[in-house]
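*Asks:* In case you want the letters, here they are:
2 protein chains.
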Amino acid sequence: MHSVHASRLADLRTELARQSLDGFLVSRADEHLGEYVPADAERLAWLTGFTGSAGIAVVLRDTAAVFTDGRYVLQLAAQTDPALWERRHITEEPPPAWTAEHARGARIGYDPLLFAEEGVQRYRDAGVDMVPVGENPIDSIWTDRPPPPLDPAEPYPLVYAGRTSEEKREEVAAALRKDKQDAAVITDPASIAWLLNIRGSDVPFTPFALGFAIVHADAACELFMAPQKLPPATREWLGNAVSVQDRPALPGALARLAGKRVRVDAAGSPAWFADRLRAAGATVVAAPDPCLLPKACKNEVERQGARNAHARDAVAVCRFLRWMEGAAGHETEMSAAAKLNEFRAREENFRGESFPCISGAGEDGAIIHYRVTPETNRAIRANETYLNDSGAQYLDGTTDLTRTVWTGPADPPAEIRDRVTRVLKGHIAIATLLFPQGTTGIQLDAFARAALWRVGLDYDHGTGHGVGAYLSVHEGPVSISRTAKPVPLAVGIILSNEPGYYEPGRYGVRLENLVLVQPAEVGTAKKPFLQFETLTLAPFDRRLINPSLLTAEEIGWLDAYHARVSAEVGPRLEPDEREWLSRACAPLSAD
Amino acid sequence: MHSVHASRLADLRTELARQSLDGFLVSRADEHLGEYVPADAERLAWLTGFTGSAGIAVVLRDTAAVFTDGRYVLQLAAQTDPALWERRHITEEPPPAWTAEHARGARIGYDPLLFAEEGVQRYRDAGVDMVPVGENPIDSIWTDRPPPPLDPAEPYPLVYAGRTSEEKREEVAAALRKDKQDAAVITDPASIAWLLNIRGSDVPFTPFALGFAIVHADAACELFMAPQKLPPATREWLGNAVSVQDRPALPGALARLAGKRVRVDAAGSPAWFADRLRAAGATVVAAPDPCLLPKACKNEVERQGARNAHARDAVAVCRFLRWMEGAAGHETEMSAAAKLNEFRAREENFRGESFPCISGAGEDGAIIHYRVTPETNRAIRANETYLNDSGAQYLDGTTDLTRTVWTGPADPPAEIRDRVTRVLKGHIAIATLLFPQGTTGIQLDAFARAALWRVGLDYDHGTGHGVGAYLSVHEGPVSISRTAKPVPLAVGIILSNEPGYYEPGRYGVRLENLVLVQPAEVGTAKKPFLQFETLTLAPFDRRLINPSLLTAEEIGWLDAYHARVSAEVGPRLEPDEREWLSRACAPLSAD
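Just so you know, the sequences run in chain order A and B.
Going by my numbering, the first sequence opens with residue 1186, and the numbers climb by one from there.
Going by my numbering, the second sequence opens with residue 1186, and the numbers climb by one from there.
The following block holds chain A by itself, in its conformation from the complex (with noise of 0.2 angstroms):
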C-alpha cells in the first residue's frame, strides 16, 4: 500500500514543479466543504491512504505533513506511511504554522473550491504566500478518478420536512432584506435541502443531492444542480419560483449580481465565490449561511419525527446490546457492527446508518473514531469493554448514540468502573442542566468534564454537535465545547450529549444520547430557561456504574431514565426482549 502512495506524492511534485509551485494543501474537502464527500472528491485518501473524515496534507519539495484532531491521531499513524509524511495533531500544531515554518517565501498552492475564505487567511495570517490554482493538480494526475455521483433528488414530503419551501425561503428573504443584502449564495447542500424540501443520495450518510443555491431577497431561487439529477416529479416539488439551472451556469450567475450585496459564509462556502463576485463587482458580505440557524431549530413536525425515530432506533438498539451479551468468544468488531444494522435495517423508515459504524473492542475503543475495517477488526473477548458509536437514518429523523458494555462474565476492574461512572456523571450533568436563554455551548462543556477533571482527567474532543433532521449527523451552528462558535442554544435544536474517557491501548468509554433544547418550566424564574428532552432510549450497563460514586439525584436521574426506556421501549418488543430490557433498566437504588 505504501508504495502506491509514495508514487503517488512522486507524481504531485512533478506535477507542482510544471504549475512553478513549491508545495501545494490537499484537504479532505468537495466542493461544497462537507463532512461526506463523493468518491471524486477523496483526493486526501487517495494521496496519503488516510480516510479519517478531516485532515489536511501540506506537500512542499522535500518534506510533507498530515494533521488531524484528536479523534483520529492513532487512526492517522496507522494509515499512512511515517517515511513519507510526518503526522501532526491539527490543533496542537497548527497547519499553517507549519508551513509558514517550512516553506518561509515559498508559493503555496491550493484549490479555491475547496478551502475557505476564512481557511485561506489563517495561513496568509501565518505569513504563507498563498496562490490559487485555476486546476487542481491532484486531479492532473489521478488517471482512474471516479465519475461526479448522478443520483436523482428526490422530493421531501411536508409530513416529515413541516414547512414548506415557499415558507422557509420567505423566512431567509426576509433575514436578507432585514440585513439589506440582495442575495446570499448556498453551498452546503444540507442547507439546500432544508430550503427547498429534497432529499438525495450523492454522498455517503447522508441524504444529500449536491448542488448550489442562490436565494434572492425577494425569495425567488435558483437552483445550479445537473438536469439528469432532477426528475419531472422533483422539478414540479421544486415549483416555478425555483429556477434550475446545469453547474456550468453558476459563474454566469455569479457575474450577473454585479453591483448586488451578496451574502457569503466566509466560514463555510469555498473561496471561489467571494473571489468571482468581488471580481464581477458583487459587494461580498460575510456572514453565515442563513439557512442555518432555521434549519437548526426544528419544527414541531420535524421534533416529532425524531422522537418516531429514536423510539424505533430503540428497539433495534436494545435488541443489540442483548445480542452483545453473548458475543464475546464468538462475534467479531465487524460482525458486531452488521448485526446493529441488520436489526435497523427492519424498521420503518430506515434509509441507512448516519455515519460509519465505530464498534471498538477493547484497545480499539480507545481510538476515539475507529472505523474497523477487514485489516484491523478483531474478536470480541471475554472480560473487556466494547465501545458502539454509530446511528441511522430515517426518513423522520437521525440518530446516534454511544454504548460502552462490559463483556464479562468477570466483574469489570475498578479503574474502568470508576471512569465509566466519571463519564456518566458528566452525561447527567448536561442531561439535568437548566440555563438561561442566550447561553453558549462553550459555556456548558465544562460540566461533562469535572467529574474527570476532579481526578486529573479529561477527553480530546467536543461534549455536543448539532444533529440534522433527516440531514447530517454534524451540523452548525450550536455545539457544546470548548471552541463552540458565539451562538446560543435555542428551542428545537437536536444535540449530542457524549463525554468520554479514553486509555490508549487499553480501553474506550463514551456515552452519548442526542438531546433537544426545550424550553424549562421554573416557577421561580424570571427570564426565559431553557433544558434538554434526552431522546436517545437505551440502557447503560449498570455493570459499569460504581454507585456509590454517585449523588442520590443522579442515582434519581439514571432510574428514572432507565424506567422511561423501559416503558417505552419495552411495548415494541418480543416478550423475552422485554424481560431482559427490564432486568436491564432495573433501579439502582433498588440493588
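Hints are computed from structural coordinates only; laboratory data are not their basis.
If you're wondering where the values come from, they're calculated on a predicted model, not measured in any experiment.
A portion of the hints provided could be inaccurate.
Identical chains share a label here; the pair holds if one copy fits it or two copies do between them.
[Unchecked claim] Straight-line alpha carbon distances no greater than 20 angstroms define the calculated EDC-like cross-link-like pairs of lysine to aspartate or glutamate that follow:
| id | residue 1 | residue 2 |
| --- | --- | --- |
| 1 | 1711 | 1688 |
| 2 | 1711 | 1277 |
| 3 | 1524 | 1510 |
| 4 | 1445 | 1364 |
| 5 | 1365 | 1762 |
| 6 | 1711 | 1538 |
The hints should help you fit chain B onto chain A, whose structure is shown.
*Replies:* Relative to chain A, chain B alone:
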C-alpha cells in the same frame, strides 16, 4: 442638579453645530482608557451626572442616550434626568446599533484619544459615519475643568516587586523580537507601573503615575511623563536604559518609528496612536499589550505579598464583621464604610481603598455597584441583609472581598437563606475546581451559576476579574465570565470569585474571595492541572446558610475554610475578638 446638566447638554449641542458635527460620543475615559480616571477626564459625569465607572453617552441633535452595564443600571436611572437622556443597558442595546438607528447618515464625532480602535470600528461596522475630532468639544465648554494631576512617581522596591525592571523589559523585548516587532506602544499605566517598577497617585484607588511608554526590541524604553512628576530618586531608579521625555514629545517619538513594525493594543490603546503611527509610515501590528500576561502572572514575591496583605486585611474585616453585629439601629451605610476603612488604616502597609466601598443595606444591596453618597445613605436596620464589597491597597498587595450579613435579631427568611446558600454553592464550586491547563474563564463561569440556574435564577455580572499586585483591582487579560477573552488561566494569576444574587428593591447577595491560580497535584493526571488557592480570610455569615441545601463536600469545604480563617486570623486579634471569630467560624457540621 438636573438643570445644570440641561444647560451643559445645550452648550455641547451648540459646540457640535460649530464643529459641523451631528452628534458626539462621550465616553467615561482618559487617554489611558483606564477604569479610574483623573478629575479632568470625568467628562461623562460632568455632562450627564452619572458617576458609574463604565458608560458612554451618545449626543445627537434632538435626542441623547446614556448606556451602562448591569452593575449600574439602577444607579444610571437615579443619577440622570429622563427628560434629557434615554437610559440603556449597554449589552442588551449596544450603543453602535442605537447610534446607527437614530443617526443614519449623520456625522458623529469622537475623540481618538478616548476611544480604542476596536471601539471605533464597532460603530463603523454598524454603519455610523465616525469623524475623529482634533479638539474635544466638551473641553471647549467645560470652563472650570480641573488641571491634570502632577503627583510624583515613586520607586516600587524589589522587596515587593520581586523582579527588576531590566528583567521585565528583557522579557517584553524578547516577546517583541519573537513576533518580529521593532517596538511596542504602552498606554496602560498599570503596564508602565509593572514594567518600570514605579507607582504614583494620579487617580483614585489605584497607584498609577500616568504616562506613556515605547518599549523597543532591544529592551530600551522611552517614558513620556511630565518632568515635575519625576523626582531625582525616581529618575535614578529608572536607570539609563529608560529615557524620559515630556508628554508633548510623544508625537515626535511616534513619527521616529517610521518604517518600523510597531505593536499597538487595538482594544486597550486610544486609536490616536495607530492613526499617528500609520500617518508617519510605521506598520501597526494589532496585538495585546505585551505586559498584560506577564504582569497578570504574579511572581513568587508578589504571591507571598498577596498572602501577607490578605492576612492583615482579614484582621480589619473580622473586626468590622464583629462591629456590624451591633450596627443595626445605630449606624448607616456611610458610617459602616468609614468604620471598615478605619480598621484597615491601622494595618501595616495600608495605602487606601482599592475602589469605592459598596456598602448596601437591604434594597441598596441589589444595586450591584452601589456607591453610597450623602443623598443615598440610609440607616442600617434590624432584620435585613447588609452587603459590603470593598478592598484595600497595601504596598505588598491589593485586596477585594464581599460579605453579605444578616443584621438580626430575628432569623432570616427562608427565601434569603436559599438564595445565599445557592450563591455559596457557586462560590464553593469555583473554589474547589480542578481544571486542565489551557482552560479559559468562559468555560468555568457557569459552575458559579448552576445552583441558581437550577431554580431559574442568575446574576447579571461576571464571576471573576483579575486583580493586580498593588495595582488595579480590575486587570486583564483573564477573567471568569461569559465574555472572557480566549486567554487561558495560568499559574500566578489572581482572580475574584464572586457569584451573587439580586432582588431589585429588596436585597442583594454577593460572596467574594480572591483566589490565586496554582498547579494542582493529582496523582492520576496525565497533563498539567490547575486549581485555586483562596487568599481572602473572613467568615461567611452562618445565619444566612441553609446546610440542608449543601452537599457533604460543600459543608466540608466551608468548615475547613472557617477553621483556616480562625487559625490564621485569630492569633492577630485581641482575646475578645478572637472568641467572636471562633464562634463565627464554628463548623456547620457540628450544628
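*Asks:* Hint by hint, note whether the structure agrees.
*Replies:* So, going through the hints one by one against the coordinates:
no., hint, verdict
1, 1711 - 1688, "between (44 angstroms within a copy, 11 angstroms between copies)"
2, 1711 - 1277, "between (42 angstroms within a copy, 16 angstroms between copies)"
3, 1524 - 1510, "within (13 angstroms within a copy, 72 angstroms between copies)"
4, 1445 - 1364, "within (13 angstroms within a copy, 40 angstroms between copies)"
5, 1365 - 1762, "neither (59 angstroms within a copy, 68 angstroms between copies)"
6, 1711 - 1538, "neither (43 angstroms within a copy, 35 angstroms between copies)"
Going through the hint list in order, the structure does not satisfy hints 5, 6.
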